[in-house]
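Peer 1: Residue numbers (this note's numbering), protein chains in the order written: chain A, 1 to 330; chain B, 331 to 660.
Please keep in mind that the hints were generated in silico from the structure rather than gathered at the bench.
Heads up, a few of these hints could be off.
[What the hints assert, rightly or not] Derived lysine-lysine pairs resembling BS3-like cross-links, with alpha carbons at most 25 Å apart:
| id | chain 1 | residue 1 | chain 2 | residue 2 |
| --- | --- | --- | --- | --- |
| 1 | B | K379 | A | K123 |
| 2 | A | K82 | A | K67 |
| 3 | A | K36 | B | K423 |
| 4 | A | K123 | B | K516 |
| 5 | B | K464 | B | K516 |
| 6 | B | K382 | A | K36 |
| 7 | B | K366 | A | K52 |
| 8 | A | K36 | B | K453 |
| 9 | A | K62 | A | K36 |
| 10 | A | K52 | A | K67 |
| 11 | B | K382 | B | K392 |
This one's a predicted model, so the numbers in the text were calculated from it and none came from an experiment.
Number of protein chains: 2
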Amino acid sequence: PVGDVDSIIEASERDWTEVSEEYRILQDIHQEYITKLEELSELQGRCEKELKHQRYRLGQIKSSLKKVKGSESNERRENLEKDIMRREAQLTKVQGSLPQPNGRYLSVILGSVNVSIINRDHKFRYKEEYEKFKLTVTVIALVIATIGLFTNYRVLDLAFTFLLVWYYCTLTIRESILIVNGSRIKGWWRTHHFLSTAIAGILLIWPDGEPYQLFRRLFMAFNVYIGIVQYLQYQYQRGCLYRLHSLGYRPTMDITIEGFHSWMWMGLSFLLPFLYIGYFFQLYLSYTLYVLSGHPEAPWQVKKHSGFFNSYTPLSAGALRYRYTLIRLY
Amino acid sequence: PVGDVDSIIEASERDWTEVSEEYRILQDIHQEYITKLEELSELQGRCEKELKHQRYRLGQIKSSLKKVKGSESNERRENLEKDIMRREAQLTKVQGSLPQPNGRYLSVILGSVNVSIINRDHKFRYKEEYEKFKLTVTVIALVIATIGLFTNYRVLDLAFTFLLVWYYCTLTIRESILIVNGSRIKGWWRTHHFLSTAIAGILLIWPDGEPYQLFRRLFMAFNVYIGIVQYLQYQYQRGCLYRLHSLGYRPTMDITIEGFHSWMWMGLSFLLPFLYIGYFFQLYLSYTLYVLSGHPEAPWQVKKHSGFFNSYTPLSAGALRYRYTLIRLY
Ligand SMILES: CC(C)(COP(=O)(O)OP(=O)(O)OC[C@H]1O[C@@H](n2cnc3c(N)ncnc32)[C@H](O)[C@@H]1OP(=O)(O)O)[C@@H](O)C(=O)NCCC(=O)NCCS
Ligand SMILES: CC(C)(COP(=O)(O)OP(=O)(O)OC[C@H]1O[C@@H](n2cnc3c(N)ncnc32)[C@H](O)[C@@H]1OP(=O)(O)O)[C@@H](O)C(=O)NCCC(=O)NCCS
Numbered sequence: 001p002v003g004d005v006d007s008i009i010e011a012s013e014r015d016w017t018e019v020s021e022e023y024r025i026l027q028d029i030h031q032e033y034i035t036k037l038e039e040l041s042e043l044q045g046r047c048e049k050e051l052k053h054q055r056y057r058l059g060q061i062k063s064s065l066k067k068v069k070g071s072e073s074n075e076r077r078e079n080l081e082k083d084i085m086r087r088e089a090q091l092t093k094v095q096g097s098l099p100q101p102n103g104r105y106l107s108v109i110l111g112s113v114n115v116s117i118i119n120r121d122h123k124f125r126y127k128e129e130y131e132k133f134k135l136t137v138t139v140i141a142l143v144i145a146t147i148g149l150f151t152n153y154r155v156l157d158l159a160f161t162f163l164l165v166w167y168y169c170t171l172t173i174r175e176s177i178l179i180v181n182g183s184r185i186k187g188w189w190r191t192h193h194f195l196s197t198a199i200a201g202i203l204l205i206w207p208d209g210e211p212y213q214l215f216r217r218l219f220m221a222f223n224v225y226i227g228i229v230q231y232l233q234y235q236y237q238r239g240c241l242y243r244l245h246s247l248g249y250r251p252t253m254d255i256t257i258e259g260f261h262s263w264m265w266m267g268l269s270f271l272l273p274f275l276y277i278g279y280f281f282q283l284y285l286s287y288t289l290y291v292l293s294g295h296p297e298a299p300w301q302v303k304k305h306s307g308f309f310n311s312y313t314p315l316s317a318g319a320l321r322y323r324y325t326l327i328r329l330y
Numbered sequence: 331p332v333g334d335v336d337s338i339i340e341a342s343e344r345d346w347t348e349v350s351e352e353y354r355i356l357q358d359i360h361q362e363y364i365t366k367l368e369e370l371s372e373l374q375g376r377c378e379k380e381l382k383h384q385r386y387r388l389g390q391i392k393s394s395l396k397k398v399k400g401s402e403s404n405e406r407r408e409n410l411e412k413d414i415m416r417r418e419a420q421l422t423k424v425q426g427s428l429p430q431p432n433g434r435y436l437s438v439i440l441g442s443v444n445v446s447i448i449n450r451d452h453k454f455r456y457k458e459e460y461e462k463f464k465l466t467v468t469v470i471a472l473v474i475a476t477i478g479l480f481t482n483y484r485v486l487d488l489a490f491t492f493l494l495v496w497y498y499c500t501l502t503i504r505e506s507i508l509i510v511n512g513s514r515i516k517g518w519w520r521t522h523h524f525l526s527t528a529i530a531g532i533l534l535i536w537p538d539g540e541p542y543q544l545f546r547r548l549f550m551a552f553n554v555y556i557g558i559v560q561y562l563q564y565q566y567q568r569g570c571l572y573r574l575h576s577l578g579y580r581p582t583m584d585i586t587i588e589g590f591h592s593w594m595w596m597g598l599s600f601l602l603p604f605l606y607i608g609y610f611f612q613l614y615l616s617y618t619l620y621v622l623s624g625h626p627e628a629p630w631q632v633k634k635h636s637g638f639f640n641s642y643t644p645l646s647a648g649a650l651r652y653r654y655t656l657i658r659l660y
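Only chain A is shown next, with the shape it has when bound in the complex (with noise of 0.2 Å):
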C-alpha cells in the first residue's frame, strides 16, 4: 500500500500549508496583541502620573482654601471646595478602573504579583467565587463536626482543626483580593477571621486531656450549629449578591432598590434570631473555658483560650448590633 502511504503524506502536506496559512494569521494578531500590551502599560503609567499631579494640585488649593476658613461664610468658597470634593470621587472612579497596588498582608504572602480585575463581569464571578468557597469549606466542616459529635477520634479532631485554621487563613487572603479590587468588606469581618485563625491555631496545639475532654463536645455542637446558620447565611448572602448585581445594569433603580430593601429586610429578620443564638453559644463556650481553666490539669492554653472569647464574642455581637441599627436607619 505504497500509493496509500503517499497519499495520506501528500494529503498531510496540504493541511500544512493551510496551518501554516493560519499560523501567519495568528502571529500577525498576536504581533497586535504584544503592540497593544506595551501601549496599554504606557497609558497605565500615563494615566498613574496625570491623577498623582491632580490630586497634588488639588491638595495644595484645598490648603490655600484653609487659610482663609476661619473668616466668614464666602459662596465662592464653598463651591470651589464643593467642586473638589466633586473631583476627587471622580478621580477615585478612575483609579478604581486601573490595577491597584496590594495591600501588607497580601505582599507578604503573594509577593507584588498583580491581582486586580478589571472586567466588572469577573469581579462578581470572583465575589460568587468567594461565597461558593465559603459554602464548600461549610458543608465539609459541617459533616466532619457531625461525625465528631458522635464520635470521639482525636485524629479526626485535628484534622478538623487543621481544616479551620486552612480555612480562616485562605479566607483572609480572598477577603484581601476583593478588597485590591474594590470591595468595601468592612474591617471588624477581616478582623474576625484572622483572630479565628489564631483561635483554632491555639485550639490546634491544646493538648488531649481531661479539659479537652469537657470541652470538645461542646465545641463540636457549637460547629454544627454555626455550619447549619452559616449555610442560611449564605443563601441570604448570595441572593443580595445576585439582586444588588442585576441592580446595577437597571435603569430605573428607585423602585427596585426599594423591593431590594424590603427583601433584604426580611432576610435579615429571619437570620437575626438564629445570630444572636450563636453569640449566646459562643457566651456559654466562653464560660465552660472560664470554668475549666480553674480545672486542675488545665494547660496554659485553656487560659488563653478563656481570655480570647471573652473579648472575642462581645465584639463581634457588637459589630452585629451596630450593622443592625444601621440598616434600620436605612
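Starting from the known structure of chain A, arrange chain B with the ligands on it as the hints suggest.
Peer 2: Showing chain B with the ligands alone in chain A's frame:
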C-alpha cells in the same frame, strides 16, 4: 484682611481652572486606556482561539502521519514531523506571552484571579522577591532556633513551628505563581515543600513530654544548621539568577554561558558538602525518632513522624544526586 481673602480665593479659582484643563487630558488618556483594555481582551480571546485551532489541526495531521509510521523511512514524512515539532515550540512561546490559567492548588487558595506577570522585568523582579522572602524568613527562623537551642520555652517552640507551617505554606503558593508565569521549578522541589508543611504541622501537635524533650534539642540544632546552609544557598541562587538575567540581555551568549557554568559549578561544589552533611543530619534525626517511637510515653505523632522522615530523606537526597549528575553531564 478681606482683600487678602479675596486674592487667595481668586488665585485658587485660577488654579482650579488650570487643574480642570489638566483633568480633561487625564479623562482623554483614561478613555483611551479603557478602549485599549477592551481591544486587548478581544485580541487575547482571538489569540487563544487561533492557538487552540492550530493545536487541533496539528494533532490531526500528526495522527494521520502516525498511521503510516510502520512503513519504511520516508523523508517527506520526517520533514513534516520536524516542521510540526518546530511549530509546536512556536505555539508554546505564543502561549507563554498570554495570561495563563491558575493550577488547581492556586484555584483553591486564591480562586480564579489572574496572577500572570506579562512583563519580563517584572517576572525577574518577582523571582528575586521570592528569593528575598526565603532569606528573610530563614534569618528569622535562624534567630528563633538559636534562642531555642539554648533555652527551653514551650511557647517559643510552638511559635517556631507555627512559623515553619506558615512559611512552607506560603512558599508553595508563591511557587505556584512562579509556575503560572513560566518558571520551570521542579516537581520534587515543590513536593518537598508540601511535605515540609505536613511535617511541621504534625510537629505542631506533638504534645510536650519526655519524648519531645529528648527530640527538641536535636531538632533545634538541625534548624540552626539548615538555616545557615539556606543562607549560603541564597547567596548562590541569587548569583545564578543575576547572571542568567544579564545573560538574557547579551548578544554574545556562548562565552558568557561558559563562564556562567564554571561559576555555577564552583558554587555548587562549595555547597554540596554542606548539603550532604544536612542529609546525614536528617538521617540521624529520623533514627532518633525511630528510637523514640519505642519510648513508652511516645504518642502516635512520633510514629507518624519517623515514618515520614524515613521516606523523606532518601527522597530528597535522591533528588539532589539526580540533579548533581545532570549538571555533571552538562
Ligand atoms: C448586609 C450584607 C448583605 C452586606 O451588605 P452590603 O450592602 O453589600 O455592604 P456592606 O457595607 O454591609 O459590606 C461591604 C462589603 O462587605 C461584604 N460583606 C459584608 N459582610 C459579609 C459577609 N458576611 N460575607 C461576605 N461578604 C460580606 C459585602 O458583600 C460588601 O462587599 P462589596 O463591596 O464587594 O459589595 C451582609 O453583610 C449581611 O447582612 N450579612 C448578615 C450576616 C452578618 O452580618 N453576619 C455576621 C455574623 S458573625
Ligand atoms: C541549579 C540551580 C541554580 C537552578 O538551575 P536552573 O538552571 O535555573 O534550572 P533548574 O532546571 O535546575 O530549575 C528550574 C527552575 O527551578 C528553580 N529552582 C530550582 N531549584 C531551586 C531552588 N533551590 N530555589 C529556588 N529556585 C529553584 C530555578 O530557578 C528555575 O526557575 P526558572 O525557570 O524560573 O528560572 C539551583 O536549583 C541549584 O543548584 N540549587 C542547588 C541547591 C539544591 O539543589 N538544593 C536542594 C536542597 S534540598
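Peer 1: Each hint needs a verdict: does it hold in this structure or not?
Peer 2: A quick look at each hint next to the structure:
1. Restraint check for K379 (chain B) and K123 (chain A): the C-alpha separation of about 23 Å stays at or below 25 Å, so the hint holds.
2. Distance check on the hinted pair: K82 (chain A) and K67 (chain A) sit about 17 Å apart at the alpha-carbon level, within 25 Å; holds.
3. Distance hint between K36 (chain A) and K423 (chain B) is fulfilled; the C-alpha atoms sit about 18 Å from each other, no more than 25 Å.
4. Proximity of K123 (chain A) to K516 (chain B) is assessed by CA-CA distance (about 33 Å); at most 25 Å being required, the pair is judged violated.
5. Of the pairs offered as hints, the one joining K464 (chain B) and K516 (chain B) holds, with about 17 Å between alpha carbons and a cut-off of 25 Å not exceeded.
6. Restraint check for K382 (chain B) and K36 (chain A): satisfied, since their Cα atoms lie roughly 22 Å apart, inside the 25 Å limit.
7. Between K366 (chain B) and K52 (chain A), the direct Cα distance comes to roughly 22 Å. Compliance with the 25 Å bound is thereby established for this hinted pair.
8. Proximity of K36 (chain A) to K453 (chain B) is assessed by CA-CA distance (about 19 Å); at most 25 Å being required, the pair is judged to hold.
9. Pair hint K62 (chain A) plus K36 (chain A) does not hold up; C-alpha atoms about 38 Å apart against a cutoff of 25 Å.
10. In summary, the hint linking K52 (chain A) to K67 (chain A) is supported, as the alpha carbons are separated by about 23 Å, within the 25 Å threshold.
11. Proposed proximity of K382 (chain B) and K392 (chain B) is supported: the alpha carbons are some 15 Å apart, at most 25 Å.
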